[in-house]
Each structure stands twice: as C-alpha cells, then as structure tokens.
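**Q** Just need the whole structure built from these sequences, with the hints factored in.
Chains as they are written, first to last, in the numbering used here: chain A, 2 to 341; chain B, 2 to 341; chain C, 2 to 341.
Hints may be right or wrong, so weigh each one.
Which copy is meant is left open, so a pair is good if it fits within one copy or across any two.
[Stated by the list, open to error] Here are the computed lysine to any residue pairs in the SDA-like style, where the Cα-Cα straight-line distance is at most 25 Å:
id, residue 1, residue 2
1, Lys98, Ile250
2, Lys98, Val319
3, Lys98, Pro315
4, Lys183, Gly291
5, Lys295, Pro202
6, Lys98, Arg29
7, Lys98, Arg24
8, Lys266, Gln308
9, Lys243, Trp16
10, Lys98, Arg326
11, Lys266, Asp316
12, Lys266, Leu311
13, Lys98, Trp227
14, Lys243, Asp136
15, Lys98, Met320
16, Lys205, Ile292
By construction, these hints were calculated from the structure, which means they are not laboratory data.
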Amino acid sequence: MSGHYPRNAWYVASWSHELPVNRPFGIRILGNPVVIYRTDSGRLVALEDRCVHRLAPLSLGRCEGEKLRCQYHGLLYSPDGRVVEIPGQPEIPERAKVHAYPVVERHSWVWVWMGPAELADETLIPPAIGLDHPDWILGSGHIDYQAEARLVHENLLDFSHLPFLHTESFGPPPSFSTERPKLTALERGVRLERWLCDAQPVFKTDTNVDGWTDYDFLAPGVLLMWSGSFPVGSAAEWNYGKPDYSRSIRDASFTCQAVTPLTDKTSRYFFSWGPHATQGNAALRDVMMGIARKAFEEDRIMIEAQQGILDATPDPQVMPMTCDRAITIFSQVMRRLARA
Amino acid sequence: MSGHYPRNAWYVASWSHELPVNRPFGIRILGNPVVIYRTDSGRLVALEDRCVHRLAPLSLGRCEGEKLRCQYHGLLYSPDGRVVEIPGQPEIPERAKVHAYPVVERHSWVWVWMGPAELADETLIPPAIGLDHPDWILGSGHIDYQAEARLVHENLLDFSHLPFLHTESFGPPPSFSTERPKLTALERGVRLERWLCDAQPVFKTDTNVDGWTDYDFLAPGVLLMWSGSFPVGSAAEWNYGKPDYSRSIRDASFTCQAVTPLTDKTSRYFFSWGPHATQGNAALRDVMMGIARKAFEEDRIMIEAQQGILDATPDPQVMPMTCDRAITIFSQVMRRLARA
Amino acid sequence: MSGHYPRNAWYVASWSHELPVNRPFGIRILGNPVVIYRTDSGRLVALEDRCVHRLAPLSLGRCEGEKLRCQYHGLLYSPDGRVVEIPGQPEIPERAKVHAYPVVERHSWVWVWMGPAELADETLIPPAIGLDHPDWILGSGHIDYQAEARLVHENLLDFSHLPFLHTESFGPPPSFSTERPKLTALERGVRLERWLCDAQPVFKTDTNVDGWTDYDFLAPGVLLMWSGSFPVGSAAEWNYGKPDYSRSIRDASFTCQAVTPLTDKTSRYFFSWGPHATQGNAALRDVMMGIARKAFEEDRIMIEAQQGILDATPDPQVMPMTCDRAITIFSQVMRRLARA
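**A** Below, the structure is given as structure tokens:
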C-alpha cells in the first residue's frame, strides 16, 4: 500500500448495523485482511483475517461465544488473537497468534486502529454524529470505488466541482466554484467554511437565502458537515463568520462521510445525510438520500475514470490550482501522520 | 506501448458518423488517452484526454461552442489545448495546456496524427474511399480485439489463411493458400495482386471466372482492396497483370479497413465493404456485410487465442514461411517509420 | 510456473469420455499449452498447442485422419509433432516441429507426461481405477479452481478439515479432526489409514459402526481412497490395521481424484466416487455424487479465499501442525521429483 495513509489512525470498517452478532465480516484495510465479529455479549473483536496455520481467512469462520473458529482446520481464536485450541493437538505453539486490532464502536461506525495496539488512542476518533442522534434524521449507506481513497479525499476536499459534476443532482449555484471557502488548518485535518449569499438552496424556494456550510475533513478521511439557510443579509450580520445554527430558517442538515482505503486501488465510501429534526422528517431524509445517491454515482464515474487515466500515465503530474488549498493542507497532515 | 508503431502517422480513431456534434468521444491510441469532439461549427478537435489539473478525462466533459470544458472542476479548453478559463482563478499558468493532436476527417474516417504536430502531413493519409463515394455501395462497422494490432495486420497481410479459417464465410478456393500473390513494395506499405483462374467466386455461379484481387496495405495499418470477376481467359489476356476493372462482369467490390492500436494488447478494427454501384445494390451490400461479420468473428477468435498463446510463451519465436513475405515487407516499413 | 511440480510425471488432462474422436482439446498443464486429439483410429496424440509459424493454437485446428491441421494457415502436423505439409510451400524447414507429449489413456483418464519424452515411464502412472471397473459404480466430474494446485493437494492430504468445512455435506464425526491417521511414506507419495470406532457413517444408520478409510496420495497429485463400515469391534479385531474389505457390512466405496496445475494460480480437479457393486447401485451413486459436489464447492470457496489471502500477504508463512504430517511427506516427495 502507498505510504500516503497513516497506520496510527482509526479507519471506518463498517456501519454498526452492518455487523450483526455472530457473523464474521471480512474487509481489507490498507491492504490488510481484517475480520471483525460481534460476540454473544455484544463485544466487537477485530483480528488479522489470516489463520496462522495455512492462511485461510477467518472471516469464513464461525463465532463461538467470545471466540472465533477457523472453519478450515478448526483452530479456535480468542479475542486477543491467540489460538486457544488446535483440534487433535494438545500443544499450542507460542507463535500461534494473529494480530488483534483495537476496534471501537462509536457514532454508529466501527473503527479499527491500524497501528501498533499500544498506540491506540480513542481520543483520536473523529467526533462524528451517529444515526441515533436525536437532533438529526439521518439516512446511511456505502458504495465501493475501483479507485484509490486519495482520489475520493480530493473530491471531498474541493467542492468547486459541484457546479460541474453535480448539475443533475445537488445543482448548486456557480458561485460554489468561483468563490473559495475560508480554510483553517486543524491538528488532524482542515476546516472549510463558506457563505453563499442571496442564492437558491438545493431545495428551491420562492425567496433567496444566505446559505452556510462548514465542514471538517479529518485524518484519515472523515468528513463532518453542517449546512443551513438563513435570511438574506445574515452573512453580513454574522460578519461572514460562523452563524448560530439555531437561527437557520430552513435546510439545516448534517452529513458524516468516511473513505477507507481497502487496497491500493479500491476504497469504500460510507455516508449519512439528513435534515435537522426541527426542519424535516423521514420523507425529506429519503428525498435527500436519493439526491445523494445520484451525486455519489456521478462522483464514482468521474473518479474511476480519473483512476483509469492515472493508470495510463507513466509519470502523472497534477497542476496545483487555488481550489486545491484544502487538499494541500490535508496532504501535509497525512504526510506528517504517516511519518509518525 | 511497443515501439513497433510509428508515431508520425495518421491513425483512424472512428467513423465520421460515430462523432455527432457536441459529444466528446474518448479513445486510446498507442496507449495515449485522446478525446475528440465535433464543435458547433462542425470542426473536429482532438486533445490529450487528461485534464492538466488532476488528470480527469476530458471525454467526460461538455462541449461549449468550439471549446471543451472538463466536467470535474470546470477548466475550459480551447481547440489548441490551452486552458482558457479556470473557475474562481483569474491567473492561468503557462503550463495549463494539453497536447492538441492534428485531426482530419477524410474518406468517412477521423484520422489522428500521433507525432509532433509540426510534422503532420496530410498527404500521408492513405487514399481510402469513403462511404459516400458514388461508385460503391458500402456498409461499415468496427469491432474491438483483445489482441495487439500487429496480429491483425499480419492476418490482413497474408490471405493464405482464407481457405482454412474462413471456409464457413468467404469460402475461397484452395488456391488462395497454395498460390502466392504478386508483391510490390511501396513507399509506405506493400501491394498484393493475384488472379484466381477458372474458379468459383465468393458468390457461387454456374460458370467459373478468372477472379482478380489487388490491395494495398499501408502504414500504419490501412487496407484498400478491389476485387472483380472476369471471363475465364481474361488473366491470360491481361498477361496476368492488372485488368481494366470496367470490364469486370460481376463481383466488382471494394473494401477499406483500418486497424488502430488502442493499447499494447487491444485494438480496434474498422471496415467497409460493398459492391460496385453498377453490379449490386443495398441488399447485396447487406448480404456481403453479413458474410464479412462472420469472417471477422472467425478472425477475432483465432487472433485472440493466438494472443493468449503468445502471452503464455516466455520467448516467442515465429517461423518464417513464404506466405509471410508481405508481412516482412510491411514490418520493414513500420520499423523504418518508427525509427524516423 | 512454480518449481514445486515435477515435470517427469504423468498429469491427468481429462476424462476419457471428454475426448471424442476428431475434436482437438486445448488445456494448459504446468502453464504449457497442450492440445490433445483422438484420431480416426482411436489413437491419442498430445502436442504443444502452438503452431511453429505464428503461434496460433492448434486446438482451434482440424483433425485429418491421424494428423492435425492448424486452421490459421493450414500447416499439417503428424502425431510426432512434425509439420508434414505447408500449403503453397514445398520446402519444410527442419525446425518445423512442435513438442509431442507422451500421452496414455488408462483408468478412464488421459495422462500426459510433461518431461522429456525419452524419460516417459508408464509404470509411473498411478494405479487408479477406471469408471468401467466392474467392482464399483462410479460417478465422475471435474471442477476448476482459481487457486494453485498445491492448495488443493494440501486440502486432500489432511482430512482434519472435514468436521469443520464439511458439516453440511460429508458431516463426519469430530474424531476425524482429533485423531490422526496412520501415515506411511511411499516411494511417490504417502498412505493414510484410519479407523473411526463406534461412530455413525456418512449415511446415518441405527447402529454405530467401526469405519475404515485408507488412501494413497501420489505424485503429482492423485488420490485413491477406499472406505467401508464394519461391525463395532472390528477395528480391535483387526488390531487397528487394515481390514479385509470383503467383510465390510455397508458403505464400501471408492474414489479417485486428480489435481492438475493449469497455471500458477489455476488448477483442474477431476474426481470419481461411488459404492461397491455389492453394496449400492446407480441411485446411491447419484446421491453420493450430490454430496460430493456440495463438499467440493465448500472446498473451492475456502481454497480460493485462501489463495486471495496468500496473494495479499507479502511473505506468507505457514505454521506447521501435527495434522500437516502427510503434507510434509508429500512435499518432500514432490521436491525430490522436481529436482530429478
């Protein structure tokens, strides 16, 4: 795997509801085979998905209480990765152990720490918002990309593409591409904020609004975004800074997104979106998710084609533009974390 | 890409009718991503299909008058390859330019020059015959090969395979493989001429004929072929040389074919075929195209399987035979042009 | 191809009934393209599947009596691999010859010797039992694996996986994994023997039995296995050694299996199975084949997933266990034969 991605980070492996009890789930993260299972007691366990014996995937195995049994030759693994039973062989070698990945369930996501377990630090989990948060009515999903995660990151770090790629879905005003957001470098990412003044929101209305959007894009690839519409003039009133969301008159929404590198050229994209509970309902959420699905499909087609061009280019060079500044900041964060 | 193919040459990229106005068309030629579009004014433009910014394919873009806009972040390209607009960024870097390929529409084909633009020489376009030529009633099509273009060239340079591979389609007499055509080396290719005396033509008849076929196979992979049937004895009358086509009694036909290397192991094969206007009609043309489709499918199966064997052979060696002489001549032409 | 597989060995290329007269059959063995055909006289011929001229596959060719004609340019091959006719060319070069593989039909299988022809030794063909043997009522089939043959060998050399992987098909008692078989090293393989005492056979019954199984696994990947049920107490009576099969009271069955490496990561698995003629009939054979098909599908899913993990592992290491002893013995045999 490319050295672009830090190992000392929490990667989203799945939505919580994608992991029922006693059903082992296999995934690649940074190219590493990982099996995750939820035990009888509800505990999550994440192990290297590779039996020590002959490298069969444990994700084809069977949960037994807190343990996981390889269904090839029956080795039984405890949650710490140790083999605790070898059928027909009393002695268990010292080396009979797979890596146990720190795994945490939070904000409706299952997070896996890909670095050394002793460095796992739960305070580094991005402050996402789960599907059960009472303030928001959120839909969720995931799609797979035949493209490197970095290309999806870059897509999410530069919304100047919205008026071009998403005319048929989000359909934002052209100013989305002509006006640059305010950027703030964060310890583990970058914050983007912008007003779109005297414009139509995604859900067209009779009167224009001042639209606000702000999002944090955090290592290793998590987006947390808030949007809302305010009466025209509000931007000036707030001195073009962050408004008080409680005074949004409509369109208050939130989205959480995460991009996980599976292998060098594949990735999985997790997303939620929906209205604030005071400004929408499940029906609106479903309309929004329909729009999002269409937009993400537009992204997927473009990004996979971009990957195809990259693959056909012997020494690919990008040309920096002013819309790339958030990408540059985020890349520096990723490089710093990857070196650490 | 293999160095077998000259860059200083015109390659067929599509049939003219495959390129409607304002619909960008992406193709690989010699491994290079190329986008071609027809502007409002009818002009053809061929550009490197790779945005300078982040390498998105311009073939997913949108035509705007004479220009082409990348639909990822909105860079606008003029027909000379220069970026003339970057949304939200007044300054356009000097390097914001993709390669503009010389492109010419002629003989119903769109030709792209893959070498330096300043060397493009339209006199090097092979003298093909377009679908609108009044003398011929031509059908057309194209098929893609999962095989190197060179293998298709070799197929077309040696018709001794006809009595074996095409018994179910063209069904020529055995002498097609036992008698060698007359060969003439050309500046940019090779000419093949032959009489098949006192034999049945493709479209069987009561009386035998002397059949004549001659074709030029020209760099970088274009075939122009004329056939016709004459009364038995004509070959001798013409001293076994080229007859006067106007004295053909039946079966006068013409075919244009072009093989374009897409990548190292894929190629696109363009073809037309049909009767002379005085000896056939659209119905006969359709029958002929049906036969050709069947024959080209026989070719495709053999050549893709041949490619499979080549891929499984560590150090592939061919064994020259007398039927290969046209291949040898053409290979020398290609080598000479590729070195230039 | 990996050096794991000896060239001086007979590999199963097909079932006899898969090779009708005059229909050339193409296969890869150890990565080598091989064409096999059955002549008018019933003789089998196996040649390098690669025309000397331009490497077209002879398996797309046409049988002509005892000979095989390449259907690309018509070269005619005699059974010894020599080109005996080149259309339109009287002179045949000395080098116009492909490798002729020794090929033998025996025990309903077609065996190909992959080493130098002069070393071919028919006594090395494993003593399999053909589908026409009067003692057994055998079904047959084959399946292809997207996995290296070695992984299938290892599966067949260690039946401790049965109680885990095949609970839904063979459903053997747990002791299959907890008790190790008796092993005997053979000149070209390994013999495995075991009693399962006072247990239920695959076909459940009212009373327990002492079940016996013994099989030889022979280079380059052939399994010959006999099973039978005896009254409880028989194992002790036979001093836990090999019983007299004629005293089996039920479940007497035989299976022949062969695993042929096609390429580095693909293989073909041939198998027969069925009851002894005195203890079953065609209906029972069909039930058994249904169970086997289910079990082999369970194997295929696990082994192909194992191959996927291996491919994702930079430096794969296995951890030896006591159940691997037959694998170790067989690997030593294969290494010794591969060096020879």
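**Q** Can you name, in rising order, the numbers of the hints this structure does not satisfy?
**A** 1, 4, 9, 13
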